[in-house]
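Colleague: The residues making up each chain are set out below.
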Amino acid sequence: MDAQEVTGSEVVMKIGNNVAQAEIGVNEDNMEKGAISGSAQKCRKIQVRFCGSTPLLWRTAEVRAARESGVVGTLVGSLPRQPRQNNRLGRPLELLQEEARLLTETGRAVLCPAVDPESSEATSSHEVEQHLEMLERSYEEQKALALQDRKSVLMRVLTQKQEDTDSGECSEQAVQDRLEALEKSFSLPRSAMAVQLNTARAGLGHDPEERHFLAADWLQPRDERSEIRFRVFRDLRRQGYYLTSAGKFGGDYLVYPGDPLRFHAHFIALCVSMETMTPLCDLLALSRLGANVKKTILLCSPSDGDGGEEEEEVVYTSLQWSGMV
Amino acid sequence: MSGMPGALGPRRAECFRRLDMADSGQTGKLTDTEFCSELLSPSDLFAARSRSHKIPVRGQKDFLPDGSDQQRERLQRSLDEHWNLIAEERVERLGNLVKAKWIPSKGLVELQSPAGKFWQTMGFSEHGKQVLFPEEALYLMECGNVQVFYHDLPLSIQEGYERFLSKGTVSLHQYQVFAHLKRLGYVVTRFEPRFVYAQQLNLPQPRDRQERNLKRKRSHSPASGETDRQEEQAGDVEDQRPDSGSNVDPAALCSGEDERPVAGGSEETGSAADSAPQRSWWVEQATCPEVRHSRRSGPRWDFSAISFPDLGCRGRPHSLAAPDPSLLPGALSVGSCDVAPWLQKLNLREERVSRRERERERERAWFRRGVNEDREVRRCRNWAEYHCLLERRSRHSRRDRPAHLWEGAVTPLLQPGQYTSPGDLLNRISVIQPSRLLEGASRLGQASEEWRISFNVYQPDTVADFKKSNPGKPYSRMSVCSFEEPVPDLRALKQLSLQSGDVPVTFAVVDHGDISFYSFKDFQLPTDVSH
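One line per chain: the protein sequences are B and Z, in this order.
For the record, in the first sequence the residue sitting at position 257 is 257 according to UniProt numbering, with numbers rising by one throughout.
For the record, in the second sequence the residue sitting at position 428 is 428 according to UniProt numbering, with numbers rising by one throughout.
Hints were generated in silico from the structure; no laboratory data involved.
There's no promise every hint is true.
Stated by the list, open to error - Mimicking DMTMM-like on lysine to aspartate or glutamate, the simulated pairs with C-alpha atoms at most 25 Å apart in a straight line are:
#, chain 1, residue 1, chain 2, residue 2
1, B, K143, Z, E485
2, Z, K99, B, D223
3, Z, K61, B, D259
4, B, K151, Z, E361
5, B, K151, Z, D44
6, B, K248, Z, E92
7, Z, K521, B, D282
8, B, K143, Z, D44
9, Z, K99, B, E141
10, B, K248, Z, E450
11, B, K248, Z, E88
12, Z, K54, B, D259
13, B, K248, Z, D514
14, Z, K61, B, D149
15, Z, K99, B, D149
16, B, K248, Z, D424
17, Z, K101, B, E133
18, B, K248, Z, D62
19, Z, K521, Z, D465
20, Z, K101, B, E136
21, Z, K99, B, D235
22, B, K294, Z, D66
23, B, K294, Z, D511
24, B, K248, Z, D152
25, B, K248, Z, E484
26, B, K143, Z, E88
27, Z, K54, B, D149
28, Z, K167, B, D223
Unchecked claim - The following residues of chain Z were derived to be distant from chain B, with all beta-carbon distances above 12 Å:
#, residue
29, D44
30, K54
31, G59
32, R90
33, R93
34, E110
35, G144
36, D152
37, S333
38, A340
39, R364
40, N372
Computed from a predicted structure; not experimentally measured.
Think of the CB as a built atom: it goes at the ideal place given N, C-alpha and C, for glycine as much as any other residue.
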């Protein structure tokens, strides 16, 4: 559990050790109106699900909570509103390994490995019954709603007519008759019933705490490179930057000064260890590319002084192409 | 614990209530999204009929956060819009949904109600059932076309991802590429290398396919009436598994493409009639399949170790030895075989070929003139005379060149009068020969596991005439990789382009949901002959 404070665009995280049982908590919108004074709150943890080794978030509230702690991720699913296009995508949200790790290390999320499809197969007929029952209930309610809808339309049409013709006699009765006839004859075909295709798994699922230790090594094995990437990610995030993946720019991260929804990225971050020798032509190529996309190349190297996590330092070098005229 | 909306109980109700209280000050419709569940109530479902299908446009981005209220407001508005869009759940009319069932043992999704329009480009029939590959089913779930059930409960999209995508079927990366292309309107089918080989080499299609074809022709028996009806409902039904690029079905092989029987058969039998006694045709034949099979994924037999009976040779045996029992199917036992009666029946008459075939034969001969057609060569009675002839000829060609240039160890690359155009000349003296992507690829052996082609891609404008049984030549083939992996080396490139034949291979590079496409193209430097 943690507390969060938001002041302007600067995000400061305090890692507390709140032991309160927070099975169901309140999800407060920190970004709301921008100027909320920091208030500690209980928060249900984000459940990071896995598909293969890729961390995914499925529920809107979780995607939102992640965004509020600065984790942007990438939406990779088809958008329900318009599934056949690629400009705007929908849930699930794919996380970088670093994003998933940061969320878990700050205590905001737990890793939930995918349920082994073979193991948990005992669906009782009871559940099926419940499902069918729910469908039936939904059908009845929708039928009632559809009838009401139709009635109000009819009423509107009839009153309209009345006003037009202006002959008020026995119209009351006529309306009543029409309504009754409608009620008798009305039926909603079953095929017209609306059903929901759930995005996220329904139900509460298992208690995430219980699974946490099982999931200890679900993130990719940590080699030196991923360690460097993570340390850079954490440091930039601490400074309030938003990060997304920069594969297509040949870098590690795109660095945004604010929420990527509203701001352009300013930097292409490249994670290199202090010892790595980089050929000059690589640097030239990078900074030239950066100039072309109007971004600055940022070489990020965690310093080697392994003196405690809090005082960790990352050395940043920015490269910018400057033409001499 | 799979999808069971019914089992939520009082805990959830409480949760809703608490949230309503907490969120009372919030904007928009976000109040009904919380951590536990995103189930819509019947009234939400009803209301969803009239919801908008427009996607909000994203305005111009700002350069720097300046802390102004105006900017903050704009951000808040964008975020609200964003969350509304993301929170939206799929709601479909029950009548528009195709019901299907997930069968984990087969890794397939079986349709339970007649397929929709998607059947033209997706799915195949197996044992009279309409089935979808998991990636197809998942994509259709995401599009709101198919509802997949497992143990009689509908699967959520999440469960679809978690169950359908595995090492055995397709990976998440592959699915992301598949869905990306599908969303753009491309027809995407699984790539199966063996079908391309079969197509390239004009090998007959695998047995089971042919059997299925036969079955289909007979399918008007009462027993299969049920499936027939189903198929008819699905419109113009293509019965086959989308054979990933093999546009040859067995029927087409025999009727349409008659080059193969001619090329293989008539030529050999024709010349065999001339010179049958001296040549051993069987042996030569036997080496052929070896080459073919070694290129396929797993050679079943080592043909170099299997001796075929040589019936064409001079000293014909009158009986053949019993074949190696390990090569025979099942419990079949075959003893030695008396071939004498069969040899008598051997047809040695000249084959009658159609005019068209003869013409084609002549054309072929033009390009590949045998050494025996040279009259002077025919006059040679032995090897010594033939060598003499060659020597004489080469001397003749060297007659007017300055002899001293050819005396040392280093000799000129060109003979005088050898070439007349500068282009040929430049080609001749080029030290490094240009290489094509496909050159030498077949010698590289088995394709590595690391690199493989996943999908055939057909362009969106071909959808109208697309036939699963005869999909034609794909527009491109996709190999899926990620930025974390190395760039394919020349070996991998050659192997993949060999596998793909004359269809270009595109590399779809997946980077955390972002997909970029790259391809490596053959490029021939033009020879500059103007100077």
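Colleague: Let me make sure I understand: some of the numbered hints might not hold for this structure. Which ones are they, in numerical order?
Modeller: Checked against the structure, the hints that fail are numbers 1, 2, 4, 6, 11, 14, 15, 16, 19, 21, 24, 29, 30, 31, 32, 33, 35 and 36, while the rest are satisfied.
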